[in-house]
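Kindly produce the complete structure, drawing on both the sequences and the hints.
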Amino acid sequence: MEFNRREWLAGSVALAGLAAVPSYAQAEALGGLPEHMIHPELRDITRRFQKMTANRPGFNRANLPQLRAPNPFSNQPPLDSVPLEKRLIPGGKSQPDVVVFVINARAGTSRPAILHTHGGGYVTGSAESSVRQLQQLCARLDCVAVSVEYRLAPETTYAGSIEDNYAGLKWLHANATELGVDPARIALLGESAGGGHAAMLALVARDRGEVPVCFQCLIYPMLDDRTGTTRKMPPWAGKLAWTPEDNHFGWESFLGAKPGRASAPKYAVPARMPDLKGLPPAFIGVGTLDLFCDENIEYARRLTASGVGTELIVVPGAFHGFDGLALIAKARLGTWFEQTKLNALRRAFGMAAE
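Numbering-wise, the sequence shown is residues 12 to 365 according to the numbering used here.
I should point out that these hints are in silico values taken from the structure, not numbers from a laboratory.
If you anchor each label on the Cβ, the simulated ranges turn out as follows: (1) Pro285 x Gly320: 16 to 26 Å; (2) Thr120 x Asn66: 39 to 49 Å; (3) Ala195 x Met63: 42 to 52 Å; (4) Asn74 x Gly320: 35 to 45 Å; (5) Thr351 x Pro76: 33 to 43 Å; (6) Thr351 x Pro45: 22 to 32 Å; (7) Pro246 x Gly361: 35 to 45 Å; (8) Pro107 x Gln77: 20 to 30 Å; (9) Ala364 x Leu90: 16 to 26 Å; (10) Asn66 x Ala273: 34 to 44 Å; (11) Gly320 x Ala65: 35 to 45 Å.
These numbers come from a predicted model, not from an experiment.
We put the CB at the ideal spot given by N, CA and C, even for glycine.
Written as C-alpha coordinates, this is what we have:
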(Lines of atoms letter the chains of each structure in order from A and count residues from 1; the text may use other names and numbers.)
(Lines give C-alpha, C1' and ligand atoms only; values in the text may rest on other atoms or scores of the structure.)
Protein backbone atom coordinates (compact mmCIF):
# COMPACT_ATOMS: atom_id res chain seq x y z
CA MET A 1 0.00 0.00 0.00
CA GLU A 2 1.32 3.45 -0.97
CA PHE A 3 0.70 6.58 1.09
CA ASN A 4 0.94 10.06 -0.36
CA ARG A 5 1.42 13.24 1.65
CA ARG A 6 -2.27 14.13 1.59
CA GLU A 7 -3.19 10.76 3.12
CA TRP A 8 -0.60 11.19 5.87
CA LEU A 9 -1.98 14.63 6.70
CA ALA A 10 -5.57 13.47 6.60
CA GLY A 11 -4.89 10.75 9.13
CA SER A 12 -2.53 12.54 11.45
CA VAL A 13 -5.16 13.27 14.13
CA ALA A 14 -3.06 12.02 17.03
CA LEU A 15 0.39 12.52 15.53
CA ALA A 16 0.92 16.26 15.90
CA GLY A 17 2.44 15.76 19.34
CA LEU A 18 3.96 12.40 18.51
CA ALA A 19 5.80 13.31 15.32
CA ALA A 20 8.84 14.35 17.33
CA VAL A 21 8.92 11.09 19.25
CA PRO A 22 12.00 9.13 18.15
CA SER A 23 11.07 5.76 19.45
CA TYR A 24 9.32 4.17 16.46
CA ALA A 25 12.73 4.20 14.85
CA GLN A 26 14.37 2.92 17.99
CA ALA A 27 12.16 -0.17 18.32
CA GLU A 28 14.81 -2.44 16.82
CA ALA A 29 17.54 -1.06 19.09
CA LEU A 30 15.26 -1.55 22.08
CA GLY A 31 14.74 -5.21 21.23
CA GLY A 32 11.54 -4.68 19.24
CA LEU A 33 8.37 -6.66 19.66
CA PRO A 34 7.23 -9.93 18.11
CA GLU A 35 4.95 -9.07 15.23
CA HIS A 36 2.09 -11.07 16.69
CA MET A 37 1.88 -8.65 19.65
CA ILE A 38 1.02 -5.71 17.36
CA HIS A 39 -2.53 -5.35 16.06
CA PRO A 40 -2.66 -6.77 12.50
CA GLU A 41 -4.02 -3.51 11.08
CA LEU A 42 -1.06 -1.57 12.53
CA ARG A 43 1.87 -3.73 11.42
CA ASP A 44 2.51 -2.43 7.93
CA ILE A 45 1.94 1.25 8.69
CA THR A 46 4.19 1.01 11.77
CA ARG A 47 7.07 -0.35 9.68
CA ARG A 48 6.63 2.52 7.24
CA PHE A 49 6.49 5.12 9.98
CA GLN A 50 9.68 3.72 11.52
CA LYS A 51 11.52 4.41 8.28
CA MET A 52 10.11 7.93 8.03
CA THR A 53 11.25 8.84 11.56
CA ALA A 54 14.59 7.03 11.53
CA ASN A 55 16.63 10.20 12.11
CA ARG A 56 14.58 11.76 14.88
CA PRO A 57 16.69 12.88 17.86
CA GLY A 58 16.32 11.58 21.38
CA PHE A 59 14.33 13.42 24.01
CA ASN A 60 16.58 15.74 26.00
CA ARG A 61 16.86 19.47 26.61
CA ALA A 62 19.50 20.01 23.93
CA ASN A 63 17.26 18.48 21.27
CA LEU A 64 14.09 20.35 22.20
CA PRO A 65 14.40 23.03 19.47
CA GLN A 66 14.58 20.33 16.82
CA LEU A 67 11.82 18.29 18.42
CA ARG A 68 9.57 21.35 18.51
CA ALA A 69 10.23 22.34 14.90
CA PRO A 70 7.28 22.15 12.47
CA ASN A 71 6.83 18.83 10.70
CA PRO A 72 4.36 17.38 8.17
CA PHE A 73 2.09 16.18 10.97
CA SER A 74 1.96 19.48 12.86
CA ASN A 75 1.72 21.69 9.78
CA GLN A 76 -1.81 20.90 8.68
CA PRO A 77 -3.76 23.76 7.09
CA PRO A 78 -7.04 24.62 8.81
CA LEU A 79 -10.35 23.92 7.12
CA ASP A 80 -12.05 26.87 5.45
CA SER A 81 -15.47 25.37 6.16
CA VAL A 82 -15.31 25.55 9.98
CA PRO A 83 -14.91 28.95 11.71
CA LEU A 84 -11.57 29.53 13.43
CA GLU A 85 -10.32 32.45 15.50
CA LYS A 86 -7.08 32.97 17.39
CA ARG A 87 -7.63 34.94 20.59
CA LEU A 88 -5.46 36.31 23.39
CA ILE A 89 -7.25 35.94 26.71
CA PRO A 90 -6.37 37.01 30.27
CA GLY A 91 -4.27 34.55 32.22
CA GLY A 92 -4.69 33.69 35.86
CA LYS A 93 -3.61 35.93 38.72
CA SER A 94 0.03 37.04 38.17
CA GLN A 95 0.13 34.89 35.01
CA PRO A 96 0.67 36.04 31.41
CA ASP A 97 -2.09 36.24 28.83
CA VAL A 98 -2.89 32.99 27.03
CA VAL A 99 -3.38 32.24 23.34
CA VAL A 100 -6.41 30.09 22.53
CA PHE A 101 -7.87 28.83 19.26
CA VAL A 102 -11.65 29.13 19.13
CA ILE A 103 -13.32 26.73 16.72
CA ASN A 104 -16.86 26.72 15.35
CA ALA A 105 -18.18 29.48 17.64
CA ARG A 106 -21.50 30.98 16.62
CA ALA A 107 -23.46 33.42 18.77
CA GLY A 108 -27.16 32.83 19.20
CA THR A 109 -26.87 29.09 19.70
CA SER A 110 -26.56 26.89 22.77
CA ARG A 111 -24.26 24.06 21.77
CA PRO A 112 -21.89 21.87 23.80
CA ALA A 113 -18.23 22.80 24.01
CA ILE A 114 -14.85 21.15 24.44
CA LEU A 115 -11.82 22.61 26.21
CA HIS A 116 -8.90 20.88 24.49
CA THR A 117 -5.33 20.40 25.69
CA HIS A 118 -2.77 19.08 23.20
CA GLY A 119 -0.24 16.28 23.62
CA GLY A 120 3.55 16.27 23.41
CA GLY A 121 4.94 14.85 26.63
CA TYR A 122 4.54 18.22 28.42
CA VAL A 123 7.59 19.45 26.45
CA THR A 124 6.51 19.62 22.78
CA GLY A 125 3.37 20.03 20.68
CA SER A 126 1.06 22.99 20.19
CA ALA A 127 -2.59 23.92 20.19
CA GLU A 128 -2.21 25.24 16.66
CA SER A 129 -1.21 21.79 15.41
CA SER A 130 -4.53 20.40 16.67
CA VAL A 131 -6.76 22.93 14.91
CA ARG A 132 -7.68 20.86 11.86
CA GLN A 133 -8.39 17.80 14.00
CA LEU A 134 -10.69 19.85 16.23
CA GLN A 135 -12.44 21.47 13.29
CA GLN A 136 -13.32 18.00 12.00
CA LEU A 137 -14.53 16.95 15.45
CA CYS A 138 -16.63 20.11 15.87
CA ALA A 139 -18.25 19.59 12.48
CA ARG A 140 -19.21 16.03 13.39
CA LEU A 141 -20.55 16.90 16.84
CA ASP A 142 -21.92 20.37 16.05
CA CYS A 143 -20.03 21.76 19.02
CA VAL A 144 -17.55 24.50 19.87
CA ALA A 145 -13.92 23.88 20.87
CA VAL A 146 -11.31 26.03 22.57
CA SER A 147 -7.73 24.75 22.44
CA VAL A 148 -5.22 26.29 24.85
CA GLU A 149 -1.65 27.15 23.84
CA TYR A 150 -0.32 26.38 27.30
CA ARG A 151 3.30 27.01 28.21
CA LEU A 152 5.63 24.05 27.80
CA ALA A 153 8.15 22.50 30.16
CA PRO A 154 10.96 22.77 31.11
CA GLU A 155 10.69 26.54 30.58
CA THR A 156 7.46 26.49 32.60
CA THR A 157 6.65 23.78 35.11
CA TYR A 158 3.27 22.31 36.05
CA ALA A 159 2.07 25.35 38.03
CA GLY A 160 2.18 27.64 35.02
CA SER A 161 0.60 25.33 32.46
CA ILE A 162 -2.18 24.27 34.83
CA GLU A 163 -3.09 27.94 35.29
CA ASP A 164 -2.97 28.54 31.52
CA ASN A 165 -5.45 25.74 30.94
CA TYR A 166 -7.69 26.81 33.79
CA ALA A 167 -7.73 30.35 32.38
CA GLY A 168 -8.93 28.86 29.09
CA LEU A 169 -11.69 26.94 30.85
CA LYS A 170 -12.85 29.99 32.83
CA TRP A 171 -12.85 32.14 29.71
CA LEU A 172 -14.88 29.57 27.77
CA HIS A 173 -17.48 29.43 30.54
CA ALA A 174 -17.60 33.20 31.08
CA ASN A 175 -18.04 33.87 27.35
CA ALA A 176 -20.52 31.08 26.67
CA THR A 177 -23.19 33.42 25.27
CA GLU A 178 -20.80 35.11 22.82
CA LEU A 179 -19.49 31.72 21.66
CA GLY A 180 -22.90 30.07 21.38
CA VAL A 181 -22.14 27.57 24.14
CA ASP A 182 -24.36 25.89 26.71
CA PRO A 183 -22.35 26.52 29.92
CA ALA A 184 -23.71 23.31 31.46
CA ARG A 185 -22.22 21.19 28.66
CA ILE A 186 -18.48 21.84 28.73
CA ALA A 187 -16.22 18.79 28.42
CA LEU A 188 -12.46 18.35 28.66
CA LEU A 189 -10.51 16.51 25.95
CA GLY A 190 -6.82 15.72 25.65
CA GLU A 191 -4.41 13.20 24.22
CA SER A 192 -1.26 11.88 25.96
CA ALA A 193 0.14 14.80 27.99
CA GLY A 194 -3.00 16.67 26.94
CA GLY A 195 -5.00 13.89 28.55
CA GLY A 196 -2.94 14.40 31.68
CA HIS A 197 -3.72 18.11 31.56
CA ALA A 198 -7.43 17.35 31.09
CA ALA A 199 -7.36 15.13 34.18
CA MET A 200 -5.56 17.85 36.15
CA LEU A 201 -8.07 20.42 34.97
CA ALA A 202 -10.98 18.25 36.10
CA LEU A 203 -9.44 18.08 39.57
CA VAL A 204 -8.74 21.83 39.75
CA ALA A 205 -12.23 22.72 38.49
CA ARG A 206 -13.80 20.41 41.06
CA ASP A 207 -11.91 21.98 43.94
CA ARG A 208 -12.27 25.63 42.90
CA GLY A 209 -15.97 25.25 42.17
CA GLU A 210 -16.15 28.06 39.62
CA VAL A 211 -16.75 26.17 36.36
CA PRO A 212 -18.92 23.05 35.98
CA VAL A 213 -17.36 20.33 33.81
CA CYS A 214 -19.70 17.69 32.43
CA PHE A 215 -17.15 15.15 31.11
CA GLN A 216 -13.46 14.31 30.79
CA CYS A 217 -12.30 12.48 27.65
CA LEU A 218 -8.79 11.16 28.27
CA ILE A 219 -6.99 9.58 25.31
CA TYR A 220 -4.01 7.49 26.53
CA PRO A 221 -3.42 10.14 29.22
CA MET A 222 -0.05 10.77 30.89
CA LEU A 223 -1.03 10.51 34.55
CA ASP A 224 1.72 9.02 36.72
CA ASP A 225 5.34 10.16 37.12
CA ARG A 226 6.27 6.80 38.65
CA THR A 227 5.72 4.92 35.38
CA GLY A 228 9.06 3.77 34.05
CA THR A 229 10.95 5.33 36.97
CA THR A 230 10.19 3.78 40.34
CA ARG A 231 7.53 1.48 38.90
CA LYS A 232 8.74 -1.50 36.87
CA MET A 233 6.81 -1.98 33.65
CA PRO A 234 6.06 -5.09 31.56
CA PRO A 235 8.83 -5.73 29.00
CA TRP A 236 6.58 -4.79 26.07
CA ALA A 237 5.34 -1.50 27.50
CA GLY A 238 6.67 1.54 25.69
CA LYS A 239 8.70 -0.36 23.10
CA LEU A 240 6.93 1.56 20.35
CA ALA A 241 6.47 5.34 20.54
CA TRP A 242 6.72 6.85 24.03
CA THR A 243 9.41 5.03 26.05
CA PRO A 244 10.30 5.01 29.76
CA GLU A 245 13.27 7.26 28.96
CA ASP A 246 11.04 9.74 27.15
CA ASN A 247 8.61 9.62 30.05
CA HIS A 248 11.32 10.33 32.61
CA PHE A 249 12.45 13.41 30.69
CA GLY A 250 8.89 14.65 30.20
CA TRP A 251 7.98 14.31 33.87
CA GLU A 252 11.27 15.73 35.16
CA SER A 253 10.81 18.75 32.91
CA PHE A 254 7.18 19.20 33.95
CA LEU A 255 7.73 18.81 37.69
CA GLY A 256 11.06 20.61 37.82
CA ALA A 257 12.33 17.71 39.93
CA LYS A 258 13.14 14.03 39.63
CA PRO A 259 9.99 11.99 38.98
CA GLY A 260 8.89 9.16 41.22
CA ARG A 261 9.69 10.83 44.54
CA ALA A 262 7.82 9.99 47.73
CA SER A 263 5.31 12.80 47.15
CA ALA A 264 4.15 14.92 44.24
CA PRO A 265 2.84 18.50 43.98
CA LYS A 266 -0.93 18.81 44.27
CA TYR A 267 -2.74 18.41 40.93
CA ALA A 268 0.50 17.89 38.94
CA VAL A 269 0.25 14.08 38.98
CA PRO A 270 -3.40 13.00 38.73
CA ALA A 271 -2.63 9.38 39.61
CA ARG A 272 -1.25 10.51 42.98
CA MET A 273 -4.26 12.60 43.99
CA PRO A 274 -5.76 10.85 47.03
CA ASP A 275 -9.39 11.85 46.44
CA LEU A 276 -11.10 11.36 43.07
CA LYS A 277 -14.66 11.71 44.36
CA GLY A 278 -16.89 14.28 42.72
CA LEU A 279 -15.09 14.33 39.38
CA PRO A 280 -17.04 14.42 36.10
CA PRO A 281 -17.69 11.14 34.24
CA ALA A 282 -14.75 9.91 32.21
CA PHE A 283 -13.76 8.09 29.05
CA ILE A 284 -10.27 6.58 28.93
CA GLY A 285 -8.85 4.87 25.84
CA VAL A 286 -5.44 3.17 25.68
CA GLY A 287 -3.62 0.31 23.95
CA THR A 288 -2.14 -2.78 25.60
CA LEU A 289 1.39 -1.91 24.37
CA ASP A 290 1.23 1.69 25.55
CA LEU A 291 3.59 2.66 28.36
CA PHE A 292 0.54 4.25 30.02
CA CYS A 293 -1.67 1.15 29.86
CA ASP A 294 -1.28 0.10 33.50
CA GLU A 295 -1.59 3.61 34.92
CA ASN A 296 -4.67 4.30 32.78
CA ILE A 297 -6.37 1.08 33.90
CA GLU A 298 -5.55 1.88 37.53
CA TYR A 299 -6.90 5.43 37.20
CA ALA A 300 -10.11 4.09 35.69
CA ARG A 301 -10.39 1.61 38.57
CA ARG A 302 -9.92 4.37 41.15
CA LEU A 303 -12.43 6.63 39.42
CA THR A 304 -14.98 3.83 39.42
CA ALA A 305 -14.29 3.06 43.08
CA SER A 306 -14.86 6.75 43.83
CA GLY A 307 -18.31 6.71 42.26
CA VAL A 308 -17.28 8.36 38.99
CA GLY A 309 -18.94 6.87 35.92
CA THR A 310 -16.03 5.68 33.79
CA GLU A 311 -15.80 4.02 30.38
CA LEU A 312 -12.46 2.28 29.80
CA ILE A 313 -11.41 1.01 26.36
CA VAL A 314 -8.23 -1.11 26.18
CA VAL A 315 -7.22 -1.88 22.58
CA PRO A 316 -5.27 -5.13 22.07
CA GLY A 317 -1.97 -4.74 20.22
CA ALA A 318 -2.12 -0.94 20.15
CA PHE A 319 0.65 1.43 21.22
CA HIS A 320 0.89 5.13 22.07
CA GLY A 321 -0.62 7.24 19.29
CA PHE A 322 -1.93 4.19 17.44
CA ASP A 323 -5.14 5.89 16.37
CA GLY A 324 -3.35 8.42 14.17
CA LEU A 325 -1.47 5.71 12.30
CA ALA A 326 -4.61 3.59 12.02
CA LEU A 327 -6.46 6.48 10.38
CA ILE A 328 -3.56 7.05 7.99
CA ALA A 329 -3.74 3.39 7.01
CA LYS A 330 -7.53 3.71 6.62
CA ALA A 331 -7.78 0.79 9.01
CA ARG A 332 -11.07 -0.12 10.62
CA LEU A 333 -9.35 0.13 14.01
CA GLY A 334 -8.82 3.87 13.62
CA THR A 335 -12.38 4.51 12.48
CA TRP A 336 -13.78 2.38 15.30
CA PHE A 337 -11.71 4.08 18.00
CA GLU A 338 -12.58 7.56 16.72
CA GLN A 339 -16.28 6.68 16.60
CA THR A 340 -16.13 5.22 20.12
CA LYS A 341 -14.58 8.44 21.42
CA LEU A 342 -17.13 10.61 19.61
CA ASN A 343 -20.02 8.54 20.93
CA ALA A 344 -18.72 8.97 24.48
CA LEU A 345 -18.78 12.73 23.93
CA ARG A 346 -22.24 12.56 22.34
CA ARG A 347 -23.64 10.75 25.36
CA ALA A 348 -22.03 13.27 27.70
CA PHE A 349 -23.66 16.07 25.71
CA GLY A 350 -27.08 14.40 25.75
CA MET A 351 -26.93 13.46 22.08
CA ALA A 352 -27.79 10.14 20.46
CA ALA A 353 -24.82 7.89 19.74
CA GLU A 354 -24.15 6.83 16.15
